[in-house]
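Enquirer: For chain A, the structure is supplied; the task is to place chain B on it using the hints.
One letter stands for each residue in the lines below.
2 protein chains.
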Amino acid sequence: MEETQNSKLKTQNYTEYYHKRTGLTVGVNKVLFSEQTPYQKVEVFETDTWGNLMTIDGMVMLSEKDEFVYHEMLAHVGMFSHPNPEKVLIIGGGDGGTAREVLRHFSVKQVDMVEIDEAVVRASKEFLPEVGAWEDPRLNVLFEDGITFVKNSIAEYDVIIIDGSDPVGPAEGLFEKEFFELCFTALKKDGVLTGQTESPWVEEYHSSIKQVFDALESVFDESSMYLGFIPLYPAGMWSFAFASKGKRLEETETFERIEKGLSEFGSELKYYNKEVHQGSFALPNFVAEIIR
Amino acid sequence: MEETQNSKLKTQNYTEYYHKRTGLTVGVNKVLFSEQTPYQKVEVFETDTWGNLMTIDGMVMLSEKDEFVYHEMLAHVGMFSHPNPEKVLIIGGGDGGTAREVLRHFSVKQVDMVEIDEAVVRASKEFLPEVGAWEDPRLNVLFEDGITFVKNSIAEYDVIIIDGSDPVGPAEGLFEKEFFELCFTALKKDGVLTGQTESPWVEEYHSSIKQVFDALESVFDESSMYLGFIPLYPAGMWSFAFASKGKRLEETETFERIEKGLSEFGSELKYYNKEVHQGSFALPNFVAEIIR
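Just so you know, the sequences run in chain order A and B.
Position in the first sequence (from 1) plus 40 gives the number in the numbering used here.
Position in the second sequence (from 1) plus 40 gives the number in the numbering used here.
Worth flagging that the hints you see were computed from the coordinates, not collected in a lab.
Please read these numbers as outputs of a predicted model, since none were measured by experiment.
As the list makes no split between identical chains, a pair holds if one copy fits it or if it spans any two.
Here are the computed lysine-lysine pairs in the BS3-like style, where the Cα-Cα straight-line distance is at most 30 Å:
{"hint": "1", "residue 1": "Lys310", "residue 2": "Lys60"}
{"hint": "2", "residue 1": "Lys60", "residue 2": "Lys165"}
{"hint": "3", "residue 1": "Lys314", "residue 2": "Lys287"}
{"hint": "4", "residue 1": "Lys250", "residue 2": "Lys314"}
{"hint": "5", "residue 1": "Lys149", "residue 2": "Lys191"}
{"hint": "6", "residue 1": "Lys287", "residue 2": "Lys149"}
{"hint": "7", "residue 1": "Lys127", "residue 2": "Lys228"}
{"hint": "8", "residue 1": "Lys300", "residue 2": "Lys105"}
Looking at chain A on its own, in the form it has when it is part of the complex (with noise of 0.2 Å):
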């Protein structure tokens, strides 16, 4: 069986190198969506054991099978960890994973999905169709540049969700500090910040990572990074941001709250509970030095 390296389709299987020769693996049946946007190359997959599957710029950005460990941790762990959230900003995010999982939450009125490339919306809609909870009337697709949009936007939000692709590309931006600063001006008192921030076992992006953290450390109240465990994504281990404006709630009360929450979702998670969101914040040491 020959291989493929990155978005050269021509034959059955598609590898990702994402450090030097170590990649990931995954068998190819079909190419079902390939598009060179003014952005970035989207591609979706038919794999054989993981549903559809796409690629931006030769990344796998998520999986049928696997997609539910980003979604419910990028979107949960904030959300929870607000009082009361009801309007929420998710930058990026266009397959549509993240906003559902957020409008699975009661309080919510309003969210705007900011995502730059209106070629992930399309693709998604037609070819991951699970993913996203389209119809629900409190979503607000938006085809913009989400820096540009944060920069007109005050007191407006209460919690923020970065759902980007890697720092290489157009999401490049998502990554510095002046962008932490337009976020925290456009949350709310008691706002709530997470976002994705790459594997901890990918040397290369040691220094973004530090430069995330070192940028929410300086401008938000409180943060601390959280992990994963993504099969898809480098290595498999996946690490997020969170932040908030002001101190965080105390564990007891968002406790709490994920229960009562929980409780009132229609159907159980695949991944969160109340004990992944507290073990997530537990970081193994060589990670913990990477933001120390």
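Expert: Just chain B now, kept in the frame of chain A:
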């Protein structure tokens, strides 16, 4: 660049296909060791970024760069959950890494390591020399069948650690109820057992995982699963079993033992700490479901 499948080493990349056509690819510079033993095929590669890497029957066992996660989590979760571990049995563990972590504990007087395949120890001593603590006089290496060895042990050990390979080939018996009954008998009062129990992301192993935890639940007084992030194991998520003869140590007492113990170790661990110990028992819903 061409690809090799499993242990066919003709070209530069090694791919372990762990679930149909999903696999982990690592760049290989050189084959250092390759031997078909009476039990299995043992190989060591020089890789581009993970140091030297050992496979057994085409499955990654460890690399110099990532082995600390597996060995710290397999050894310390059990060792710190026992009030005073003096005599420890390791079944398998021929690379020496688990014994190295066990021997950090000052209370330990004797470690019996029972490895069925001397070639694993031979290859490790030569090509993974930093992994083992072979010179420690408390270490007693025996080349025997682990199951037969345990049969002849009655109330001898404080901690038993099962460090075998996957439940195909010579390690198959290490996943069966009869074996755990022998372990229970081989443990002293307050005895603790830990073992590796595969990746929850790989569906083919779900029945083996459930079999282990059902057996532990019926044989031991308490048992639970815990998790670790291992980048070179399938999907990056690995599960471990914990079981205790008698009631497990109270959490406060475990935490005190961890704090005191870690402060006595000569150098800081790279993965394990008190929060990680606790957090590793938090199971995502889909994982808890496998052993429900």
